[in-house]
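Take the given structure of chain S and dock chain F to it, following the hints.
Top to bottom, those sequences are chains S and F. Taken in order, the first sequence gives residues 1 to 377; the numbers are from the working numbering. Taken in order, the second sequence gives residues 1001 to 1343; the numbers are from the working numbering.
Simulated from the structure, these hints should not be mistaken for lab results. Note that the structure is predicted; figures quoted are calculated from it, not measured. Be a bit skeptical, because a hint or two may be false.
Stated by the list, open to error - Covered, in the sense of this in silico footprint (three residues per stretch, anywhere, with C-beta under 8 Å from a C-beta of chain S), are these stretches of chain F:
id: 1; stretch: 1130-1141
id: 2; stretch: 1145-1153
id: 3; stretch: 1166-1174
id: 4; stretch: 1277-1286
id: 5; stretch: 1299-1308
What the hints assert, rightly or not - Sample of chain S residues lacking proximity to chain F, with all beta carbon distances greater than 12 Å (derived):
id: 6; residue: PHE19
id: 7; residue: LEU22
id: 8; residue: GLY48
id: 9; residue: LEU191
id: 10; residue: ALA231
id: 11; residue: ALA273
id: 12; residue: PRO282
id: 13; residue: MET289
Idealized CB from N, CA, C, for every residue including glycine.
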Amino acid sequence: MTEVYRPVGGKLLTRQFYFLALLALIAAYFLVRRFIFGIGDVSNLSDGYPWGLWITYDVVTGTAIACGGYAMAVAVYVFNKGQFHPMVRAALLTSVFGYTLAGASIVVDVGRYWQLYNVFLPQYANLNSVMLEVALCISLYVLVLWIEFSPAILEAMKANRALRMLRHILFFFIGVGILLPTMHQSSLGSLLIIAGHKVHPLWQSDIIPLLFLITAITMGYGMVVFESLYASVNLGRKLETDLLAKVAGVIPWLLITYLVLRIGDLTLTGNLAALAEPGRAPILFAGEMALFGYAIVSLLGKARRRHPTHLFWSALAVVLAGALYRFDAFLIAYNPGPGWHYFPAVGEMMITLGVVAVEIMAYLFFVKKTPVLAAGH
Amino acid sequence: MKIDRRDFCKVVVAGAATALSGGVAEARPPKELPPKAVGILYDATLCIGCKACEVGCKEANDMPMDHTSCAEQAHGVTGVWDAPDDLNSRTMNKIKAYAQGTAEVKDRPQDGYSFIKRACMHCVDPDCVSACPVSALTKDPVTGIVQYDPDACIGCRYCQLACPFNIPKFEYDKTFPKIVKCQMCAHLQAEGGIPACCEACPTGASLFGAVPDLLEEAHRRLTFKSGERQSYPIHSLDGGETRTAEVRGYYPKVYGETETGGTQYLMMAGVPFEHLGMPDLGSESRARLSETIQHGLYQGMMAPTLLLGGLVYAAYRNTHEDRMDPPEAPDGKASQAEEVPDD
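The following block holds chain S by itself, in its conformation from the complex (with noise of 0.2 Å):
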């Protein structure tokens, strides 16, 4: 099987291309606020609620649900997986767009942002920091991702030159696309273990590292799925099942992994016993382990895996049940305290909404226009 990338074509600013630069165009304008009059004039952020939205989707399960390159790049470099070798390009797509708008909502979220070079000067590092981790590793990961993906751009360019002098030392950047990943995905849930009894004690846990980690790879694989399956519907492409259906296979393992991993913690560490008290954590948890349990249930047999259909849902859920989770840990079931209360405001959700669009936006731009999906067989 020789895998032919080629630009889909087609018309660009389509009535759906206008409708999100529209949502662009509103997330300018609270932008333009938000560098003017301060945070507090778009957002509800509090100093009891100093993380709300931008860092808990842009960041956290923006960057998780940006987790496909990283996915594929596991299963393909590492488990020398060939046949699934077609499919990285695409994943990468949204693994670059993801991540760097990741970054690029950090600049909106940070207060001091014009000094946030400061995270690379040597002097000021604090190596205790985990965010001081995160904010290296992710940096250093959009560069790499924009290198992964290069070939794309040089293909569309037609720099072959420039091409041939890449292909020989791309191993190279593979390998640190793969432990960049590895590192902050597991990290971003470390980010918590410092806050304490402020992060409710179902979701709290020495082992938060991990759970993260583990959920990123299962989002990544669970996004690849579901939006091979978008665009193809979409974009008129031959469904590519078969091949998915194999990527999904993985995904039970990893999440039954991960649900004996998390509840033997929670069992352990006596944690559990937070299920029988009120308010809404044990109803967040419920919902999240009921998610993760369709994902399993439907990803786990052969024949319901192949049915398209049953596929796409279930790939939604995995996304869904780890999104959940990072939200319930950050911050539906967040608490610093009584008499602080936090839901977004519009200006917050417009700006996010705004990250999501242009997203979408740059992969429609890049699948048209450069060769990034395998051209049908």
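Quick look at chain F alone, frame taken from chain S:
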């Protein structure tokens, strides 16, 4: 291909094992109190709620008055007075009140009331200092004061998430915001002075001193009997000024002696501290746990380096065809670059 795969698996497993073995590394030892640690002993039983400390604090630190209180907003008035509800980005020191039932008698949990003064606790092992990625928050190695450097700060607000006492505040309403927190009037101390809140306190409820001496004084007070008259130092423990007051009875605990690894701001009260809004914290800081886990995984970057070696090797082996220059690979396995239309 099969042999290759086995090889790669070995490498990966070896890498993963190294990464995991790091997890059993020794816990980071708890932080010790700095040699000349200074602190404040707040005794709620002496506090009369006059808020002179708040005024002193704002004056000494050039802080603006605050008009965000619920009362002012509800009545649509803006007073000429300072009226914050709680600590905020304009208020680094705040007297709050606890009232129960009829609130008749001071320093009694039932049908009583008590004041509490909230400010930075200047932890011995501060979570905010451990959290800050750019060392904007540092602990003075001599005095132990937790200080803020706006030139380093990127405004990520991880310190707010990390602080178990919700102390660091952020100027959400400003275009160019900063973190705001009590720095124990380090600028006054540098000139031989004492923190403004202790200077302003007329009753000795806020008392400045060396932390070991303050702890000794706190334990001396715990031995006092209710109703007897005792001598209390005011302003500064070694300043020589004292006043005599009736002992109102203490809840048998010095808050901050062990909490989160100890704090340099210590508290005493007549009512249990959970009523006063103080969190029930263990004797170990979260920073210690966080650093133990993180440094366990990243010890000297050994595990990541080994893992990287394994990964790059695996990627090298598995991209063999990609690196070959002829456009057609012999085994028919095509690469990304081969598909470049050569025109």
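Stated coverage of the stretch 1299-1308 of chain F by chain S [criterion: 3+ residues, CB within 8 Å]: holds (count 3)
With 12 Å as the threshold, tell me whether S/LEU22 passes as away from chain F on beta-carbon distances. holds, 27 Å
Under a C-beta cut-off of less than 8 Å, do 3 or more residues of the stretch 1277-1286 of chain F approach chain S closely enough to confirm the stated coverage? holds (count 4)
Would S/MET289 pass as off the interface with chain F, using Cβ distances and a cut of 12 Å? holds, 25 Å
Chain S covers the stretch 1130-1141 of chain F, three or more CB atoms within 8 Å, holds or violated: holds (count 7)
Compute the least Cβ-Cβ separation between S/ALA273 and chain F, then decide whether it is above 12 Å. holds, 17 Å
Cut-off 8 Å, C-beta pairs, minimum 3 residues; does the coverage of the stretch 1145-1153 of chain F by chain S stand? The restraint on the stretch 1145-1153 of chain F holds, since 4 of its residues have a Cβ under 8 Å from chain S and three suffice.
Taking the shortest Cβ-to-Cβ distance between S/LEU191 and chain F, state whether it exceeds 12 Å. The claim is violated: S/LEU191 sits with its nearest Cβ about 7 Å from chain F, within 12 Å.
Looking at S/PHE19 again, its CB stays over 12 Å from all of chain F? The claim holds: S/PHE19 sits with its nearest Cβ about 32 Å from chain F, beyond 12 Å.
Checking a non-interface call: every C-beta of chain F should be farther than 12 Å from the C-beta of S/PRO282. Is that right? Its Cβ never comes within 12 Å of chain F, the nearest being 22 Å, so this holds.
Beyond 12 Å on every Cβ pair: is that true for S/GLY48 relative to chain F? violated, 7 Å
Whether chain S covers the stretch 1166-1174 of chain F (at least 3 residues having a Cβ closer than 8 Å to its Cβ atoms): With 8 residues close enough to chain S, the hint holds.
Hints 8 and 9 from the earlier list are contradicted by this structure; the remaining hints agree with it.
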